Amino acid sequence: MLDIRELHAGVGGNEILRGISLSVRAGEVHAIMGPNGSGKSTLARVIAGHHDYEVTSGEVLFEGQDLLELEPEERAWAGIFMAFQYPIEIPGVNNTYFLKAALNAQRKARGENELDAMEFMSLIRSRIKELDMDPALLNRPVNEGFSGGEKKRNEILQMAVLSPKLAILDETDSGLDIDALRVVASGVNALRSPERATIVVTHYQRLLDYIVPDFVHVLADGRILRSGDKTLALELEDKGYGWIDEEAPTPAGARR
Amino acid sequence: MSAMPRGQAVRTRPGRVTHYRRLYDDGASGRAHEPAWLHALREEGMDAFEEQGFPLPRDEEWRFTPIGPIAEGLFTTPSEASVDVWEPLARQQALPGATQVVVANGVIRTTGKSTAGLTVARLRELPADLAPMVSEALGKLTARGSALASLNTALMADALVIVVDRGVQVDAPVHVLYIGAADRTPAVHSTRALVLAQPMSSVTVIETYIGQEGAAYWTNGVTEVGVGDGAAVEHYRLQQEPRTAYHLGQTAVRMGRDSRYTSHVVQTGASLGRHDLSAALLGPGAECTLNGLCVANDRQLIDNHTTIDHAVPHCESHETYKSILADRARGVFNGKVFVREDAQKTNAKQSNQTLLLSEAAQIDTKPQLEIFADDVRCTHGATVGQLDAESLFYLRSRGIKQEDARAVLVHAFATDILDRMGIAEIRSRIDADLLVSLPTPSAPFTG
Numbered sequence: 000m001l002d003i004r005e006l007h008a009g010v011g012g013n014e015i016l017r018g019i020s021l022s023v024r025a026g027e028v029h030a031i032m033g034p035n036g037s038g039k040s041t042l043a044r045v046i047a048g049h050h051d052y053e054v055t056s057g058e059v060l061f062e063g064q065d066l067l068e069l070e071p072e073e074r075a076w077a078g079i080f081m082a083f084q085y086p087i088e089i090p091g092v093n094n095t096y097f098l099k100a101a102l103n104a105q106r107k108a109r110g111e112n113e114l115d116a117m118e119f120m121s122l123i124r125s126r127i128k129e130l131d132m133d134p135a136l137l138n139r140p141v142n143e144g145f146s147g148g149e150k151k152r153n154e155i156l157q158m159a160v161l162s163p164k165l166a167i168l169d170e171t172d173s174g175l176d177i178d179a180l181r182v183v184a185s186g187v188n189a190l191r192s193p194e195r196a197t198i199v200v201t202h203y204q205r206l207l208d209y210i211v212p213d214f215v216h217v218l219a220d221g222r223i224l225r226s227g228d229k230t231l232a233l234e235l236e237d238k239g240y241g242w243i244d245e246e247a248p249t250p251a252g253a254r255r
Numbered sequence: 000m001s002a003m004p005r006g007q008a009v010r011t012r013p014g015r016v017t018h019y020r021r022l023y024d025d026g027a028s029g030r031a032h033e034p035a036w037l038h039a040l041r042e043e044g045m046d047a048f049e050e051q052g053f054p055l056p057r058d059e060e061w062r063f064t065p066i067g068p069i070a071e072g073l074f075t076t077p078s079e080a081s082v083d084v085w086e087p088l089a090r091q092q093a094l095p096g097a098t099q100v101v102v103a104n105g106v107i108r109t110t111g112k113s114t115a116g117l118t119v120a121r122l123r124e125l126p127a128d129l130a131p132m133v134s135e136a137l138g139k140l141t142a143r144g145s146a147l148a149s150l151n152t153a154l155m156a157d158a159l160v161i162v163v164d165r166g167v168q169v170d171a172p173v174h175v176l177y178i179g180a181a182d183r184t185p186a187v188h189s190t191r192a193l194v195l196a197q198p199m200s201s202v203t204v205i206e207t208y209i210g211q212e213g214a215a216y217w218t219n220g221v222t223e224v225g226v227g228d229g230a231a232v233e234h235y236r237l238q239q240e241p242r243t244a245y246h247l248g249q250t251a252v253r254m255g256r257d258s259r260y261t262s263h264v265v266q267t268g269a270s271l272g273r274h275d276l277s278a279a280l281l282g283p284g285a286e287c288t289l290n291g292l293c294v295a296n297d298r299q300l301i302d303n304h305t306t307i308d309h310a311v312p313h314c315e316s317h318e319t320y321k322s323i324l325a326d327r328a329r330g331v332f333n334g335k336v337f338v339r340e341d342a343q344k345t346n347a348k349q350s351n352q353t354l355l356l357s358e359a360a361q362i363d364t365k366p367q368l369e370i371f372a373d374d375v376r377c378t379h380g381a382t383v384g385q386l387d388a389e390s391l392f393y394l395r396s397r398g399i400k401q402e403d404a405r406a407v408l409v410h411a412f413a414t415d416i417l418d419r420m421g422i423a424e425i426r427s428r429i430d431a432d433l434l435v436s437l438p439t440p441s442a443p444f445t446g
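If you're matching them up, the sequences are chains A and B in order. Going by numbering that gives the first Met the number 0, the first residue of the first sequence is number 0, and it counts up by one from there. Going by numbering that gives the first Met the number 0, the first residue of the second sequence is number 0, and it counts up by one from there.
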C-alpha cells in the first residue's frame with residue numbers, strides 16, 4: 000500500500016529524514032517509535048503533504064501512485080488521513096459542517112454520491128456514540144476551546160467518519176489519560192480491516208497495549224535503526240531509547 | 000466631534016466649489032416653499048461648504064483617502080430616476096416583514112405605511128406637529144464643520160424623517176433603500192435621513208445603498224439618529240453601491256440616558272466607499288455597539304472612521320470592525336474613543352481586525368483613544384494577518400480543496416460579525432455578497 004524508499008527530507012536545508020525506507024501493506028499496523036527529534040512526526044507530516052518540508056530525494060508510493068506529486072487534498076482523496084499531533088483550532092467554522100464538507104469533498108472527488116444532511120447526521124451520530132464523545136462538541140467551532148483530550152477524540156472522530164485506507168496517528172496518545180487512550184485505540188481498532196493500514200507514531204509503548212502493532216520501527220536521527228515485532232516496543236520500554244543507539248542498526252525496512 | 004480641521008489655504012480649486020454654488024442656486028425655485036428654518040440651515044450649509052471646500056489629503060482625517068476624483072468631478076443635480084429602473088431593484092431588495100422606503104437618485108419615491116406610533120415622512124410633507132422637533136434636530140446631530148455634511152444639507156432634494164413616539168416598540172424594521180440610477184452625466188445624490196426614537200421607544204432601521212449596474216454617481220449621504228432616554232435603535236447600514244459609484248457617508252448619533260444604539264456597518268461596494276460614524280453618549284447608562292464588516296477587492300478603497308464620545312459616566316461602548324481585503328484593495332480604519340473628564344466608570348472596548356488576502360492589499364488602521372477620566376476601563380486592539388497556513392493545511396489534509404479551504408477561512412473570519420446581525424435575511428444576503436467577492440466554497444460553513 001505504502002512504499003517509502005530512501006526518503007530524505009528536511010526544513011530549510013536542515014535534513015531531518017536521512018534515508019527512510021518502509022513498506023506498509025494493507026491490513027498491517029506499524030508503530031514508529033523514537034526519541035524526540037528523531038524525525039517521526041516529520042515522516043508523518045511529509046506523507047500528509049505539509050508545506051514546511053522539502054523532500055530532497057527518495058520516493059513515496061501509495062498504491063503505486065507517486066504521493067509526493069499530490070496536493071494534501073489529493074492525498075486525502077486517495078485515502079490518506081493523518082491525525083494531527085496538535086489539532087488546529089478554527090474559530091468560526093462549525094465542527095459538523097467541517098466534517099460534512101470534508102467527507103463530501105472526498106466522496107465527490109472519488110465520484111461517489113455526496114451525503115445529504117440526514118444521511119450525514121445519522122452517520123455522525125453513530126460514530127460519536129462509538130467514541131463516547133460529547134455531542135455538544137459537534138456544534139462548536141472546530142477544536143476551539145476543546146481540551147487536549149477532546150481535540151484528540153475529534154481527530155479520531157474525523158478518521159472514523161472519513162474511514163481512510165491509511166491512517167497515520169501522529170502522537171495521538173500524547174497527553175491523554177487512560178480513558179481517552181482507550182477511546183482513541185478503539186476508534187483505530189474499529190477501522191482495522193484487511194483493506195486498511197495504520198501507522199502509529201508514538202513516543203510511548205503504552206498506546207501499543209491497546210493498538211497491537213504488527214511491526215515496530217525505531218527511528219533515531221532520521222533513520223530507522225531497528226525494526227521488529229511488538230516485542231521491540233516492550234524491549235524499548237524496558238531499556239529506554241539509549242539502548243538502541245548502542246546497537247548496530249538493522250537494515251532499514253527489514254522485517255523480523 | 001469628528002470635525003474636519005479647517006484649512007488655511009484654498010481648499011479646492013475655486014471652480015469646483017463654485018460649481019456646487021451654481022447647483023444650489025439653480026435649485027432655488029424648488030425650495031421656494033420651504034420653512035424659514037430650513038432655508039437658513041441650507042444657506043448656512045452652502046456657505047460652510049464654500050468656505051471649506053473638499054477635504055484634501057493633507058487633512059489628517061483624509062490622509063489615506065484621496066477623493067480627487069470626487070473633488071475634481073463636476074457632479075450634477077440628478078434627474079428623476081425611471082420607475083423602470085428603481086422598481087425592479089426595490090422588489091428584489093424587499094425584506095419580508097419590513098416597511099420599505101425607496102429613495103432613488105436622492106428623491107423619496109415611496110415611504111411605506113406609517114403605523115401607530117411610527118411616522119415615516121418626507122421633510123417636504125412633514126406633519127405640522129413634528130415640525131418643532133425636526134427643526135430642532137435636523138443638521139444639529141451631525142458633525143458640525145463637516146464640509147460634506149454641509150454640502151448635503153444645501154443640496155438634498157428632501158430628507159426622510161422617521162419618528163418613533165414615546166414608549167412605542169416598532170416591530171417591523173424600516174428598510175430604507177437608496178437606489179442610484181444612471182444619469183446623462185454623473186450626479187451627486189445627497190441622501191438624507193433623520194431618525195428620532197423618542198424616550199423608551201425602540202426601532203430597527205436598515206439603510207441599504209445600491210445602484211443600477213454601471214451607473215456612475217456620487218452618493219454624499221448623511222443620516223442623523225437621536226436615541227432618546229431608555230430608547231433602543233438597531234441600525235444597519237449596508238453600502239453595496241456599484242463599482243462605478245463613489246460613496247461618502249456620515250452617520251451621527253446622539254444617545255440619551257440608558258439608551259442603546261447598535262450599528263451594523265457593512266461596506267462591500269463602490270470604488271471608493273467611506274463612512275464616518277460618530278456617536279455621542281450624552282446620558283449615563285448609554286450603551287453603544289458598533290459592528291463593522293468590509294470586503295474589498297480589485298482596486299477598491301474602503302474607509303471607516305468612527306468616533307465614540309463618552310461625555311458622561313457609566314456608559315459602555317463595544318466596537319468591532321473587520322476588513323477582508325483582496326487584490327490591490329485598500330482599507331482605512333480610524334477609531335476614535337474620547338473619554339471625557341466627567342465620564343468615570345466608562346467601559347470602552349475597540350477592536351479592528353484585518354485579513355489580507357494578497358500581497359498588494361493593504362490597511363491603514365489607527366485606534367485613537369483619548370482618555371481624560373481616571374476610573375475607566377478602555378481596551379483597544381488591532382490585528383492584521385493573512386490566512387493561517389496551518390489552518391489551510393488542516394482543512395486540505397481532510398480533503399477540502401485549496402480554494403474552498405481559503406473561502407472557509409475567510410468566512411470564518413467574518414462569522415462573528417454576521418452572527419451579531421439579528422435579521423436572518425440580511426445575514427444571509429451579506430453572506431451571499433461575501434461569496435460573490437470571494438472564492439465560493441462548495442458547502443455552507445456558517446456557524
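The hints are simulated quantities; they were obtained by calculation from the structure and are not laboratory data. Keep in mind that the hints are not guaranteed to be accurate.
As the list claims (entries may be wrong) - So, partial list: chain B residues that the calculated Cβ filter (under 7 Å) puts toward chain A:
id : residue
1  : Gly-384
2  : Gln-385
3  : Ser-396
4  : Arg-397
5  : Ile-399
6  : Lys-400
7  : Glu-402
Unchecked claim - Partial list, derived from the structure: chain A residues whose beta carbon lies under 8 Å from chain B:
id : residue
8  : His-50
9  : Glu-72
10 : Trp-76
11 : Ile-87
12 : Pro-90
13 : Gly-91
14 : Ala-100
15 : Ala-101
16 : Ala-189
17 : Ser-192
Quick caveat, the model's predicted, so the values are computed rather than measured. Quick reminder that beta carbons are idealized off the backbone N, C-alpha and C, glycines included.
Now for the hints, and whether the structure bears them out:
1. Gly-384: violated, 13 Å
2. Gln-385: violated, 14 Å
3. Ser-396: Since the shortest Cβ distance to chain A is 5 Å, the answer is holds.
4. Arg-397: holds, 4 Å
5. Ile-399: With a closest approach of 5 Å, the Ile-399 (chain B) hint holds.
6. Lys-400: Status holds, d = 5 Å.
7. Glu-402: Hint on Glu-402 (chain B): violated, closest Cβ of chain A at ~10 Å, above 7 Å.
8. His-50: At 6 Å from the nearest chain B Cβ, His-50 (chain A) passes the 8 Å test, so the hint holds.
9. Glu-72: Constraint on Glu-72 (chain A) satisfied, holds at 5 Å.
10. Trp-76: Since the shortest Cβ distance to chain B is 6 Å, the answer is holds.
11. Ile-87: holds, 4 Å
12. Pro-90: holds, 6 Å
13. Gly-91: holds, 3 Å
14. Ala-100: At 4 Å from the nearest chain B Cβ, Ala-100 (chain A) passes the 8 Å test, so the hint holds.
15. Ala-101: Result: holds, 4 Å to nearest chain B Cβ.
16. Ala-189: Not OK, violated: Ala-189 (chain A) not within 8 Å of chain B, min 19 Å.
17. Ser-192: For Ser-192 (chain A), the interface hint is violated, since the closest Cβ of chain B sits about 20 Å away, which is over 8 Å.
Violated hints for the displayed structure, listed by number in ascending order: 1, 2, 7, 16 and 17.
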